[in-house]
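Working from the sequences, and respecting the hints, build out all of it.
Number of protein chains: 4
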Amino acid sequence: MSARITPPDRARLGAGVHVAPVKIRFAHCDPAGIVYFARWFDMINGVIEDFFGAALGLDYHALIRDRRLGLGYGQAHADYLKPGMMGDVVDFAVLVERIGGASLGLMVPGYRGDEPVIAARLVIVTTDLNAHEAIRLPDDLRAALAAYEERCR
Amino acid sequence: MSARITPPDRARLGAGVHVAPVKIRFAHCDPAGIVYFARWFDMINGVIEDFFGAALGLDYHALIRDRRLGLGYGQAHADYLKPGMMGDVVDFAVLVERIGGASLGLMVPGYRGDEPVIAARLVIVTTDLNAHEAIRLPDDLRAALAAYEERCR
Amino acid sequence: MSARITPPDRARLGAGVHVAPVKIRFAHCDPAGIVYFARWFDMINGVIEDFFGAALGLDYHALIRDRRLGLGYGQAHADYLKPGMMGDVVDFAVLVERIGGASLGLMVPGYRGDEPVIAARLVIVTTDLNAHEAIRLPDDLRAALAAYEERCR
Amino acid sequence: MSARITPPDRARLGAGVHVAPVKIRFAHCDPAGIVYFARWFDMINGVIEDFFGAALGLDYHALIRDRRLGLGYGQAHADYLKPGMMGDVVDFAVLVERIGGASLGLMVPGYRGDEPVIAARLVIVTTDLNAHEAIRLPDDLRAALAAYEERCR
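Chains as they are written, first to last, in this note's numbering: chain A, 1 to 153; chain B, 154 to 306; chain C, 307 to 459; chain D, 460 to 612.
Treat each hint with caution, since some may be false.
The calculated SDA-like cross-link candidates involving lysine to any residue, where the alpha carbons are at most 25 Å apart (straight line), are [unchecked claim]:
| no. | chain 1 | residue 1 | chain 2 | residue 2 |
| --- | --- | --- | --- | --- |
| 1 | A | K82 | B | I288 |
| 2 | A | K23 | A | G113 |
| 3 | C | K388 | A | D59 |
| 4 | D | K541 | C | R442 |
| 5 | D | K541 | C | P444 |
| 6 | D | K482 | D | H520 |
| 7 | D | K541 | C | G378 |
| 8 | D | K482 | B | L211 |
| 9 | B | K235 | B | V172 |
| 10 | A | K82 | A | V17 |
| 11 | A | K82 | A | M107 |
| 12 | C | K388 | C | V328 |
| 13 | B | K176 | B | D212 |
| 14 | B | K235 | A | I99 |
| 15 | B | K235 | A | H132 |
| 16 | D | K482 | B | L222 |
| 17 | D | K541 | D | R571 |
| 18 | B | K176 | B | A164 |
| 19 | B | K235 | C | A338 |
| 20 | B | K176 | D | V481 |
| 21 | B | K176 | C | R345 |
| 22 | B | K176 | D | D550 |
| 23 | A | K82 | C | R371 |
| 24 | C | K329 | A | F52 |
| 25 | C | K388 | C | D315 |
| 26 | A | K23 | A | L81 |
| 27 | A | K23 | B | L224 |
| 28 | D | K541 | C | N436 |
| 29 | D | K482 | D | G512 |
| 30 | A | K82 | A | R25 |
| 31 | C | K388 | C | E421 |
| 32 | C | K388 | D | L588 |
| 33 | A | K23 | A | R112 |
| 34 | A | K82 | A | A3 |
| 35 | A | K82 | B | G254 |
| 36 | B | K176 | B | P161 |
| 37 | C | K388 | D | G559 |
| 38 | B | K176 | B | P236 |
| 39 | B | K176 | D | L588 |
| 40 | D | K482 | B | V242 |
Quick caveat, the hints were computed from the structure, so don't treat them as lab data.
Right, here's the structure in full:
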């Protein structure tokens with residue numbers, strides 16, 4: 001078992017933290033009636049897409065499509081704390097854990113009200129989609145992440 | 154970033170280890186042309202289903218459907234080592250890391266030939282699907298896991 | 307080939323028609339860089355969930371979870387008119403085509419601006435999720451559908 | 460409602476027809492405990508991938524990746540005849556309905572034993588993935604389809 005991720009108390013999230021509500025859909029749920037574990041990552045990927053635009057001022061799809069910047073994952077880790085049920089709204093927060101040379105570490109906890117239901121950690125690796133090789137974080141992305149981190153304190 | 158999972162060398166897997174090939178499909182892949190990170194977990198879940206039947210002698214679907222045993226995840230963690238491409242065949246091995254009171258820890262590395270492409274760790278939590286509460290690992294499941302572990306040495 | 311579905315001109319949709327925007331995500335798209343055909347149905351299912359609440363006044367998830375009303379599909383048909391691209395917003399309209407004894411026919415066209423990009427038709431079959439058999443449309447659902455149809459003219 | 464697709468009796472399928480078994484997974488199923496309607500199309504897409512290789516002698520992934528031939532869908536239509544349950548094995552048959560100029564019509568019925576559980580119809584449209592425009596069916600694909608049709612009689 002990997003060391004568990006400890007999500008911060010929701011009440012202690014900084015004012016600048018990007019928080020996005022996601023509604024749990026029928027299609028997210030499995031025969032046990034709860035969110036299928038892999039589907040949580042789809043929701044989180046959508047949250048991260050919007051985070052790029054809203055919090056970093058960089059259009060996620062344009063980065064991929066026009067600048068051919070790959071934003072694939074080097075790591076994905078989730079601790080499932082409470083089952084997610086159809087119709088629930090989960091508020092996901094995006095926290096920057098690490099700005100690396102060619103990667104970016106995020107923690108994404110999800111809350112139902114004040115209760116954490118999931119705590120995820122993701123490492124995004126930047127690549128050149130034409131050359132298919134790792135590249136350094138582009139300067140504008142690095143600067144936007146640093147500014148966001150500052151606003152989250 | 155969570156501590157990275159170190160997959161064993163394929164050549165050193167014990168003879169009793171359950172290994173299952175999975176073909177990477179068009180539908181597994183994303184606009185970067187590689188397996189979408191969350192889709193790896195779908196493949197792995199299928200591998201675990203078959204592992205229950207083939208290696209433990211317990212029908213996964215019957216456990217859920219007839220015995221109402223929930224086999225949900227408490228943790229899912231993957232390190233993505235190499236991109237997966239359409240048409241590749243990835244061989245997944247299932248290793249038991251821990252047999253707990255009400256949970257079960259698995260490591261699932263995936264290999265393309267001898268090269269590890271993914272290393273995943275999953276914690277399955279046993280629940281009563283009617284009462285919606287955690288329950289101890291059923292005796293037959295515990296015994297089958299212990300016997301499997303023995304065969305993997 | 308099934309007879310193609312002809313979506314109405316967007317400009318001619320009645321004022322009462324439920325229209326919902328959906329943003330196309332990275333995870334919806336395939337290695338050709340466009341929405342994977344089956345993923346369109348996930349988007350449409352989400353639109354129909356919200357339609358139940360917003361236009362019919364019936365909580366979709368409560369119908370399934372609390373009243374144990376199955377709202378499965380008897381038919382799903384889509385004509386793909388234009389490729390959907392990451393970042394696009396598609397506006398889906400929900401039109402009632404038929405209120406049957408134990409089923410419900412919907413047409414769901416999707417527009418990018420005024421241009422139709424998809425035209426789908428779905429037949430929802432009402433079932434008793436405990437008895438696993440078809441049942442007649444509940445009276446409140448039937449009445450709400452008839453009232454919605456009226457508002458769409 | 461679109462005109463329903465009538466699947467052929469399984470016993471009357473020609474000897475040359477490509478038939479492929481697919482096991483229904485936990486991940487295919489929804490909170491009603493049956494296959495989620497859109498997930499059927501994922502299974503069918505996998506069947507069609509294998510059909511290209513096994514019945515037409517053309518590697519599906521190589522067509523897309525190396526020849527940059529798009530094999531997207533212009534239409535997808537399914538009639539859901541019986542619910543699919545976890546653990547079921549469904550045998551899908553692939554029948555050529557039409558070989559067009561720049562498209563290809565398939566009927567894909569699925570059987571559980573002799574009982575049809577789904578009948579699907581798909582129109583594949585051939586495109587140039589670099590130029591993003593429709594192109595005629597390549598000659599080798601056209602010839603392989605005609606030969607397959609012949610063997611199915």
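Each hint, compared with the structure:
no.: 1; hint: A:K82 - B:I288; in the structure: holds, 15 Å
no.: 2; hint: A:K23 - A:G113; in the structure: holds, 13 Å
no.: 3; hint: C:K388 - A:D59; in the structure: holds, 23 Å
no.: 4; hint: D:K541 - C:R442; in the structure: holds, 18 Å
no.: 5; hint: D:K541 - C:P444; in the structure: holds, 22 Å
no.: 6; hint: D:K482 - D:H520; in the structure: holds, 22 Å
no.: 7; hint: D:K541 - C:G378; in the structure: holds, 11 Å
no.: 8; hint: D:K482 - B:L211; in the structure: holds, 16 Å
no.: 9; hint: B:K235 - B:V172; in the structure: holds, 19 Å
no.: 10; hint: A:K82 - A:V17; in the structure: holds, 23 Å
no.: 11; hint: A:K82 - A:M107; in the structure: holds, 17 Å
no.: 12; hint: C:K388 - C:V328; in the structure: holds, 16 Å
no.: 13; hint: B:K176 - B:D212; in the structure: holds, 23 Å
no.: 14; hint: B:K235 - A:I99; in the structure: holds, 22 Å
no.: 15; hint: B:K235 - A:H132; in the structure: holds, 11 Å
no.: 16; hint: D:K482 - B:L222; in the structure: holds, 20 Å
no.: 17; hint: D:K541 - D:R571; in the structure: holds, 9 Å
no.: 18; hint: B:K176 - B:A164; in the structure: holds, 21 Å
no.: 19; hint: B:K235 - C:A338; in the structure: holds, 21 Å
no.: 20; hint: B:K176 - D:V481; in the structure: holds, 13 Å
no.: 21; hint: B:K176 - C:R345; in the structure: holds, 20 Å
no.: 22; hint: B:K176 - D:D550; in the structure: holds, 18 Å
no.: 23; hint: A:K82 - C:R371; in the structure: holds, 18 Å
no.: 24; hint: C:K329 - A:F52; in the structure: holds, 15 Å
no.: 25; hint: C:K388 - C:D315; in the structure: holds, 15 Å
no.: 26; hint: A:K23 - A:L81; in the structure: holds, 18 Å
no.: 27; hint: A:K23 - B:L224; in the structure: holds, 24 Å
no.: 28; hint: D:K541 - C:N436; in the structure: holds, 16 Å
no.: 29; hint: D:K482 - D:G512; in the structure: holds, 20 Å
no.: 30; hint: A:K82 - A:R25; in the structure: holds, 16 Å
no.: 31; hint: C:K388 - C:E421; in the structure: holds, 9 Å
no.: 32; hint: C:K388 - D:L588; in the structure: holds, 14 Å
no.: 33; hint: A:K23 - A:R112; in the structure: holds, 11 Å
no.: 34; hint: A:K82 - A:A3; in the structure: holds, 18 Å
no.: 35; hint: A:K82 - B:G254; in the structure: holds, 19 Å
no.: 36; hint: B:K176 - B:P161; in the structure: holds, 21 Å
no.: 37; hint: C:K388 - D:G559; in the structure: holds, 19 Å
no.: 38; hint: B:K176 - B:P236; in the structure: holds, 14 Å
no.: 39; hint: B:K176 - D:L588; in the structure: holds, 23 Å
no.: 40; hint: D:K482 - B:V242; in the structure: holds, 18 Å
In summary, the structure agrees with every hint in the numbered list given earlier.
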